[in-house]
Amino acid sequence: MSILRVENLTKTYASGGSNLTVLHGVNFTLEPGDTFAIVGPSGSGKTTLLGLCAGLDRATSGSVYLNDIRLDTLSEDQRAAIRNQHVGFIFQNFQLLPTLTALENVMVPLELRGERGAQKNAQALLDRVGLGQRGHHYPTQLSGGEQQRVSLARAFANRPKLLFADEPTGNLDADTSATVVDLLFELNREAGTTLVLVTHDLELAARTQRIVRVKGGTVVSDTQERKSERVIERANGE
Amino acid sequence: MKFSWLFRMAWRDSRRSRQRLLLFMSAIVLGIAALVAINSFGDNLALSIDDQARELLGADLTLSWNRPPTRKTQQLAKTMGRDRAYEVSFASLVSIPKTGGVRLAQVKGLTGNFPYYGTWEVQPASAVQTFRQASGRVALVDDALLVQLGAQPGDSVRLGNLSFLIAGRVTKTPGQAAIAATVAPTVFVPNQFLANTGLLQRGSRVNYKYYYQFAPGTDVDKYVRTISGRLDKDGVNYDTVSERKKQTGRSFADLTKYLSLVAFVALLLGCVGVASAVQLYVKEKIASVAILRTLGASGRQALLIYLLQTALMGLIGATVGALVGSAVQLVLPRVFGDFLPVTVQTTLSGPAILGGIGTGLLISVLFALLPLLAIRNVSPLRALRNSYEDDLSGRDPLRWAVYLLIIGFIVGFAYLQTRNLMLAVGFTGGLAVAFGILTLLGLGLIALVRRFFPSSWSYVWRQSLANLYRPNNQTLILVTAIGLGAFLIATLYLTQGLLLGRVQLSGSGKQPNMVLFDIQNEQIAGVRALVKQQKLPILQEVPIVTMRLNDINGKTSSESKPPRPDQPADTVRADSTRRPPSWAFTREYRVTYRDTLISSEKIAAGKGPYQENGAIYISMEKDYMERMHVKLGDTLNFNVQGAPIPTIVGGTREVDWSRVQTNFLIVFPSGVLEQAPQFRVLMTRVPDNQTSAVLQRGLVSQFPNVSAIDLGLILKTVDEILDQISFVIRFMALFSILTGLLVLASSVVISKYQRLRESVLLRTLGASRNQILRITALEYGLLGLLAALSGILLSVAGTWALARFVFEVAYQPDVVPLFVIASVVTVLTVVIGVFNSREVLVRPPLDVLRGDV
Ligand SMILES: Nc1ncnc2c1ncn2[C@@H]1O[C@H](COP(=O)(O)OP(=O)(O)OP(=O)(O)O)[C@@H](O)[C@H]1O
Ligand SMILES: [Mg+2]
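Just so you know, the protein sequences line up as chains L and G, in that order.
To convert, note that position 40 of the first sequence is 40 in the working numbering; the numbers rise steadily by one, no gaps.
To convert, note that position 463 of the second sequence is 1463 in the working numbering; the numbers rise steadily by one, no gaps.
For the record, the hints were derived by calculation from the structure and aren't laboratory data.
A virtual CB, placed ideally from N, CA and C, is assigned to each residue, including glycine.
Treat the hints with care, since some could be wrong.
[Unchecked claim] Ranges of calculated distance between the beta carbons of each label pair, as one might list FRET restraints:
hint	chain 1	residue 1	chain 2	residue 2	range
1	G	L1330	L	A81	49 to 59 Å
2	L	E31	G	R1018	44 to 54 Å
3	G	D1396	L	L74	16 to 26 Å
4	L	Y13	G	D1396	15 to 25 Å
5	L	L74	G	R1018	49 to 59 Å
6	L	L74	G	F1003	20 to 30 Å
7	L	G144	G	L1330	14 to 24 Å
8	G	R1015	L	E31	39 to 49 Å
9	G	D1396	L	G144	35 to 45 Å
10	L	D182	G	F1007	32 to 42 Å
11	L	K120	G	F1453	28 to 38 Å
12	L	L74	G	S1455	50 to 60 Å
With these hints in hand, go ahead and build the complete structure from the sequences.
Laid out in C-alpha cells, this is it:
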C-alpha cells in the first residue's frame, strides 16, 4: 500500500488570456516511511507539486492518492479533514499563527481533532524541540530558528503519516539550519513519518532516501528509477 | 462541531486585537444608546400616562359641545356624576390696563371644583381656593400670557366690559402640555361673571364643557356606553379617562417610534462602519486563516472563529450602548420638556434594553458577516504563496443572501416601529437612496482624483491625494458616514429655515398681517373707521354666515345609515362608501358669499358659485367634498338660523390653505345670504408692534367682542415651537453625527495599521515628521470636506424638492450656516484623523521590521 501516489499530474494556470502549464504529467509513488526530496530550479513547479500532493489545490488533470484516498474528488472541507488526520506542514516562512502563543500554536491540530490532553502533548513536543520554557511567547517574540522549531513541533503534533516541508531552512542561517534539519530527521525517524521535502539545498536533499529533480514542470530524474535502472543494468550485465 | 474549541480560538485570537475590535464595535454604541434611550423613554412615558391618566383629564368624564344639545341631554349633563364642574370657553382679546398690553387669549369661565384629579399648579397656591369661592372678580392667568403682557398677580386683566383681579399665575393645568399654554394661553375666570363681559355674543365660537367626578369604583366606560348613542346624535363630544389615555398614549407612542427610526439610522451608520472595519480586519487575518486551513480547519470553522469574535464584541458594544442609553433617557424628559402632558418617571425599561441589545447584536453581526463571508473561501495555498489571489475574487451568492437579510431586517424594524408597511419600505428605500448617492459621490471623487491626478503638484499633495484611491482607502466609508451626518444636520437647518421663511414671507410685503374677526354687522362701520383712523389699509373684508346642514339629497344622517342586511354584498359596499359621515350633519359651517374666486383658489371642476333660474349653485372645497362623499349636482339643504336654504353643488375649488387669506370650505353666490345674520372678518396690515397695540386697545375698549390675530405674534410663537422641535431633532441628529465621528475614529485607527508600515518606511527614507503630518492632515481634510459637501449637497437638493413640490415656494438656501457646518465637519475630521495617526510619528521603525504592528 502506497502512502502517496501521483498519476499523470498536470497543472495549468490561466492568466490573462494565455495558459501557463506548470506541471506536465508528473508520476511517482511513495511508500510509508520514505524520505523524499523534490529539487529543481526556481519556477520549475516544486511548490505547485507540493501543494497538489497535500491537497491544498486542485490539479488540471491527473490525480493524487493520499493514503489511498483520491483527493481530487473531495471537497475542500473534506480535504481539510484529511490534512488534519494524516498530514503535517513545515513552511519556509514558518507560518505560525501570530495571535497565538507557541504552545497554543502546537495545540491547534490536536484541538481541531478534539483530542483530550492537547496541552500536555503540545508541551511535551515543545520540550522535545527544546522550547519547553518558551511556550507562553508569541511568534514575534521568537527568533526565526525558534519559530521553525515551534512549527516542527506543530507539524508532528497530530502524528501525521505524511509531512510536507517547503524550503524549511530557506529563511535560516547555516548553523540554525543544521539544528532544525537534525531535529526534523530525528522526529521523522522516531515517528516513522513519510517526509516530502522541497529544497534548493542539495546537501539537505542528499539526506533523503530518494531525490526527484523537476525542471520546467516535468520530472527529469528520479534516484529511485536510477537505482532500479542500475539494478536492471546490473542484471543485464551479468 | 467542536464549539468549545471555536470559542477558545476566538478568544485567544482576539487577545492581541481586542482593543481594535472594541473600537470597531464602539461605532454601534451610540446608535444603540439612542435607540434604547428613546424606547425606554417611550415605555416610561406610556407607564406615566397610565399612572396619571386621570390627571390628564382632570376628571372621570367630560362632555362638551359647541351647539346646545336637546333639553333632555342638557338635563342629563346637569345631573350626572357625584360632582361636576362647568366650563365655558372662547377666544377673545384680553388686555392689561396697567401696561396697555393686548393679546388674543382663550377665556375659560369655570364653576365647580375643577380639577378633580391632579394639581393645578398656581402661584400662590391659595389662589385656587380664592378662585373657587368665586366671591369676587378674580382670574387665574397662564404664565405665558403674564410674561407676554408684562403683568403680575395683583394687576388686573380686562375681558370685554369687566376687569378681573389676577389672583394667581398658572404654571400647569392638568392634562395640558406647557407648549399648549404658549400657543393659546388661557385666562380662567369664575363663570358667573362671563355674561356681564359682553363677550358671549352671536358669532363667537363658544365651547361648553362639563367635568365629572363619579363615586370611586364606578365603571365610567360602561356607563358612557349606555348613553353614547344619544350623545353622538346630539353632537356632544365625550372623553373618558381610558379614551384620553389611549389617545395621549398613541400620539406619544408615534412620536417616540419615529424618533427611534432616527436612532436606528445612527445605528445603521455605525454598522456600515463596523462592516468596513471588519473588512480590513479580515484582510489582515487571511494569512492566519490559510494556516488554519492547512492544519485542517474547515472553512466554516474558520468563519465561525471570527464571527464569534465580532459577535462577542457586538454584544459588548450593544450592552455598553444600552447602558449609555439608559443613562441618556434620564435627560430625555427635559429635552421634550414642554411637550409632555405628564411627569415622566424614569426607570430602567427591560424590554427597551433587551430589544436594543438584540437589535444591535443582530444588525452588527449581519453587517460584519458581509466581509467575514470571504473567510470561507480563503485557500490554504496562501500559506505556500503570498501572492495567491484567486480565492477571494469570485462573487459569493451568500453575500446576496446577507444583503437581503439586512434589507429585510431594516424593513422589519421600521415596520415594527411604525406599523406601516409603506412607510417602512419608504424608509428603507430613502436610506438606500441616501447611501447610494453618497457612495456614488465617493466613487466619483476617487475616479476624478485618478483621472486628473495633478502630477506636477508638490510631494505632500500628491501623496495625500493618492491616499484617497489607493488600496485599503477609507474614502467610501468616510464619505458615506460623515456625509450622512452632515446631511442630517444641514437638512435640519434648511427645513427649519424654510418653515420660518414661509411664515415670514406671509408676514411681509403687502400681505395682510392682522385679522379682525367676529365683527357684527352693526359694528362694521365703526371698526372700519377705527382702522382708517390709524391710517391702515383695509385689505380684505369678508362676510361670514354660520349654518348647519340639514340633509344631502333629501337624506339626513340617520336615513343614510347602513343598508339592510338582505341587500347583495356589492351594493352594501357601494352604498356604505357613499354615505356621508355623521359629523357632516353635526358640525357648524362658516360660509361666505361672493361671485368670484380669490387668488388662493383654483377651479377643480364645474364652475364658481352662481345662481340660475332661482337655483343656488355653491362651490365646495375639493378635499372636503371627497370626505363628505358628495358629487357635483348633489342637493345640499342648509339651515340658516331656522331658515332652510336648498343648494346644488355647482363646482369644486382647490384651495391653498397656507396663504394668509380667509378661506372657506363652502362659498355661496352673492344675492342669497345678504340678509342672514352674519359677522365679518377684516384684514389689514400693521407696520409695527406699536400700531398693532394701539389698534387692539381701541378694539378692546370700543368693540370688546371683536378679536384680533396678530401674525407677528404667531410668527414668534411658531419660531418658539420650531426651536423646541428642532432641539429635539438636533438632539437625535447629534447621535448620528457622533456615530459618524466614531466611525471616522475607528476607520482612521484601522487604516493607521495599514499605513504605519509605509509611514515608517517613508521616515526611514528621509521624510520628516512634518511632511508625514501634513500628508495625513491634507488627506483627512480632503475627505472631510468632500463628505461634508456631499451631505450638504444632498440636503440642499432634498430641501429644494420640499420647497418646490410641497410648499411651492421659491427657495434660497442660507449659505452661511452651511458654510459653518462644512468647516466644522472638515476640521473635526482632520483633528480626529491626525490625533489617531500620531502613533505613526512616534513609533520606532524597528517595530515594523519585527512585524509587531
Ligand atoms: N496562481 C498562479 N498563476 C499563474 N502562474 C502561477 C501561479 N502560481 C504559480 N505560477 C507559476 O508557476 C510556476 C511554478 O511556480 P512554483 O511556485 O511551483 O515554483 P517553485 O519551483 O516552487 O519555485 P521556487 O523555487 O522559486 O519556490 C512559476 O512560473 C509561477 O510563476
Ligand atoms: Mg517554491
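* Would you say the C-beta atoms of G:R1015 and L:E31 sit inside 39 to 49 Å of each other? -> 44 Å, holds
* Asked: Is 50 to 60 Å a correct range for the gap between the Cβ atoms of L:L74 and G:S1455?
  -> 52 Å, holds
* **C-beta pair L:D182, G:F1007: status relative to the range 32 to 42 Å that was hinted** => 38 Å, holds
* Per the hint of 15 to 25 Å, is the separation of the Cβ atoms of L:Y13 and G:D1396 within bounds? -> 22 Å, holds
* Status of the given 16 to 26 Å range, CB of L:L74 versus CB of G:D1396 -> 21 Å, holds
* To do: For the range 14 to 24 Å, tell me whether the beta carbons of L:G144 and G:L1330 fit it or not.
  => 57 Å, violated
* Asked: In this structure, is the beta-carbon distance linking L:E31 and G:R1018 contained in 44 to 54 Å?
  -> With a Cβ separation near 49 Å, L:E31 and G:R1018 satisfy 44 to 54 Å, so the hint holds.
* Asked: Holds or violated: 28 to 38 Å for the Cβ distance of L:K120 and G:F1453?
  -> 60 Å, violated
* Asked: Does 20 to 30 Å hold as the CB distance between L:L74 and G:F1003, or does it fail?
  -> 24 Å, holds
* Asked: Taking the CB of L:L74 and the CB of G:R1018, does the distance hold inside 49 to 59 Å?
  -> This hint is violated: roughly 37 Å between Cβ atoms.
* To do: Using the Cβ atoms, figure out if G:L1330 sits within 49 to 59 Å of L:A81.
  => Cβ of G:L1330 to Cβ of L:A81: about 55 Å, so the range 49 to 59 Å holds.
* Asked: Taking 35 to 45 Å as the hint, is the beta-carbon distance of G:D1396 and L:G144 inside that range?
  -> 37 Å, holds
Of the numbered hints stated above, those contradicted by the structure are hints 5, 7 and 11, listed in ascending order.
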